[in-house]
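Asks: Residue strings, one per chain:
There are 4 protein chains.
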Amino acid sequence: MIISVIGAGTCDKEIYNIAEEVGRLIAQKSATLITGGLGGVMEAASKGAKAAGGDTVGILPGFSKEEANPFINIPITTGLSHARNIIVVRSADAVIAIAGEHGTLSEIALALKLGKPVIGIRTWNIDGVVKVNSPEEAVQKAFNLANKL
Amino acid sequence: MIISVIGAGTCDKEIYNIAEEVGRLIAQKSATLITGGLGGVMEAASKGAKAAGGDTVGILPGFSKEEANPFINIPITTGLSHARNIIVVRSADAVIAIAGEHGTLSEIALALKLGKPVIGIRTWNIDGVVKVNSPEEAVQKAFNLANKL
Amino acid sequence: MIISVIGAGTCDKEIYNIAEEVGRLIAQKSATLITGGLGGVMEAASKGAKAAGGDTVGILPGFSKEEANPFINIPITTGLSHARNIIVVRSADAVIAIAGEHGTLSEIALALKLGKPVIGIRTWNIDGVVKVNSPEEAVQKAFNLANKL
Amino acid sequence: MIISVIGAGTCDKEIYNIAEEVGRLIAQKSATLITGGLGGVMEAASKGAKAAGGDTVGILPGFSKEEANPFINIPITTGLSHARNIIVVRSADAVIAIAGEHGTLSEIALALKLGKPVIGIRTWNIDGVVKVNSPEEAVQKAFNLANKL
Chain A
1 MIISVIGAGT CDKEIYNIAE EVGRLIAQKS ATLITGGLGG VMEAASKGAK AAGGDTVGIL
61 PGFSKEEANP FINIPITTGL SHARNIIVVR SADAVIAIAG EHGTLSEIAL ALKLGKPVIG
121 IRTWNIDGVV KVNSPEEAVQ KAFNLANKL
Chain B
1 MIISVIGAGT CDKEIYNIAE EVGRLIAQKS ATLITGGLGG VMEAASKGAK AAGGDTVGIL
61 PGFSKEEANP FINIPITTGL SHARNIIVVR SADAVIAIAG EHGTLSEIAL ALKLGKPVIG
121 IRTWNIDGVV KVNSPEEAVQ KAFNLANKL
Chain C
1 MIISVIGAGT CDKEIYNIAE EVGRLIAQKS ATLITGGLGG VMEAASKGAK AAGGDTVGIL
61 PGFSKEEANP FINIPITTGL SHARNIIVVR SADAVIAIAG EHGTLSEIAL ALKLGKPVIG
121 IRTWNIDGVV KVNSPEEAVQ KAFNLANKL
Chain D
1 MIISVIGAGT CDKEIYNIAE EVGRLIAQKS ATLITGGLGG VMEAASKGAK AAGGDTVGIL
61 PGFSKEEANP FINIPITTGL SHARNIIVVR SADAVIAIAG EHGTLSEIAL ALKLGKPVIG
121 IRTWNIDGVV KVNSPEEAVQ KAFNLANKL
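These protein sequences, in sequence, are chains A, B, C and D.
Quick note, in this note's numbering, the first sequence goes up one by one and the last residue is 149.
Quick note, in this note's numbering, the second sequence goes up one by one and the last residue is 149.
Quick note, in this note's numbering, the third sequence goes up one by one and the last residue is 149.
Quick note, in this note's numbering, the fourth sequence goes up one by one and the last residue is 149.
Next comes chain A alone, as it looks inside the complex (with noise of 0.2 Å):
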């Protein structure tokens, strides 16, 4: 199973907390985390999960995997720049957006073009997203949606 978290590359300590949780869940249960590898929400999640033991992959938009956060483990130096977020979602069984900008907007909108289930937790609000209010909820829903493609 591989669950993508999307958001800004820079967030407030109440996202940041919710994000890390959320990434904490994902390794829990034994699937990879994928990310766009900088900061903020991507880094925040995948700080959980690689506390959690497990595999935590950056889809980097530069040049240099020294651009990805330290809780990379695999990072995948794409020198796309914003292209590279179709590869986050399209790569996902599931995504999960928490709060975001533009950027996340994209990829939320390249997710519901691509019919792959979005979990949003205080983001976009556009039809086709599963709102949740919880990092539990968020995981629980992902893994559900996912099992059912």
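Possibly wrong hints are sitting among the right ones.
What the hints assert, rightly or not - SDA-like mimics (lysine to any residue), calculated; alpha carbons at most 25 Å apart, straight line:
1) C:LYS13 - C:LYS113
2) D:LYS113 - C:GLY62
3) C:LYS113 - B:SER64
4) C:LYS131 - D:TRP124
5) B:LYS65 - C:LYS50
6) D:LYS113 - A:GLU67
7) B:LYS113 - A:VAL129
8) D:LYS113 - C:GLU67
These aren't lab readings, by the way, just hints derived from the structure by calculation.
Position chains B, C and D relative to chain A; hints supplied.
Replies: Structure of chains B, C and D alone, referenced to chain A:
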């Protein structure tokens, strides 16, 4: 000047007519039109622009220029599937969104992320999109905002 | 008909002159020229084609159309870095390689992989490349082989 | 450390055995293996690495992780077709090329363009490729050269 028109690959007659008129006005102002090269809004805008003597570029998702609509005179065959969306918006001085579904939403989000002016007619209601009601207004706004960059 | 000309971003005067003549001949036959849009061979071919009244498309690796050489009239800004090479060759009915280094070699290899005709002047000696000695011969062969596809 | 192994999607038994041994040695040295995720050399290297307990990443060209060979434990689904080649080499600290055809040649060229160490076993004879004769020598050279970067 390069204006990209984005919208769904299928659309009703009313939206088709709007897109065709937008394409015509873009070409009359001697701008190059870029679209994703397929049907619906992309075809309509290309049809209008070509009829007015303009260049019509199609940034195609697939593997063959045969997939371009008949009004594309410069087919660019990317083989990148939805990752080609970023090229459509990155190449533009301004983007005009007409109706559209999730693919269009991903392009609107990417365009806003890149700081491009985005003009919208009957499309997603996203902060940052400049809403207009007519083809004339859309093209006028697109040129005005592009010139300010 | 679309012909792509590939070659290094810097070149000596002799290679520049060859590429310029190749571009001129492509435009005289009313084909569209595609290049990677930068300097050297890409610039020379575009200069020749533009002088002959042809369309010159540049598939740019970076983030701004400002990086295009002055003879590109249709800049496509990909932001994909070297991944844009595949677009240059995939969009072509035939590819003409002039001199070139490792970037050109990657494009020759991709073009052969895709089954595109590849004509070479003073370039890499790879099985499958049709070697020629003059711009006239290069363009003639490119059109002949493209028409057989 | 990340080592990418490149080579054709089909190969004979002798090449398969070489690639499998290369994969095994990479994993024994605790490096992550990246390949294009398909058959032939990609499968063999992944098989060897997985048997030795290593992480095996497959950068897939298509739209589904189902296309990955059975020895990939981290499938990355790009949907980018041959444009995914650049990701395979850009993500690597060193690249080992085993036999291979035009796709492999494009990856060798891109790796050299990016300044990555490229070690070759029975592969294209291109200046810049470090030729070796055995899996042991290939992996040793790859680690030595990667560590010098």
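Asks: Now tell me, hint by hint, if it's right for this structure.
Replies: Hint-by-hint comparison with the structure:
1. For the hint linking C:LYS13 to C:LYS113, the alpha-carbon distance of about 31 Å lies beyond 25 Å, and the restraint is violated.
2. Simply put, D:LYS113 and C:GLY62 have alpha-carbon atoms about 16 Å apart, close enough for the 25 Å limit, and the pair holds.
3. As the CA atoms of C:LYS113 and B:SER64 are separated by approximately 15 Å, the hinted pair is consistent with the 25 Å bound.
4. With a C-alpha separation of about 19 Å, the suggested pair C:LYS131 and D:TRP124 falls inside the 25 Å cut-off, and the hint holds.
5. In summary, the hint linking B:LYS65 to C:LYS50 is supported, as the alpha carbons are separated by about 23 Å, within the 25 Å threshold.
6. The straight-line distance between the Cα atoms of D:LYS113 and A:GLU67 is roughly 21 Å, inside the 25 Å bound, and the hint therefore holds.
7. About 20 Å separates the Cα atoms of B:LYS113 and A:VAL129, which keeps this hinted pair within 25 Å; it holds.
8. Restraint check for D:LYS113 and C:GLU67: the C-alpha separation of about 20 Å stays at or below 25 Å, so the hint holds.
Checked against the numbered hints given earlier, this structure breaks only hint 1.
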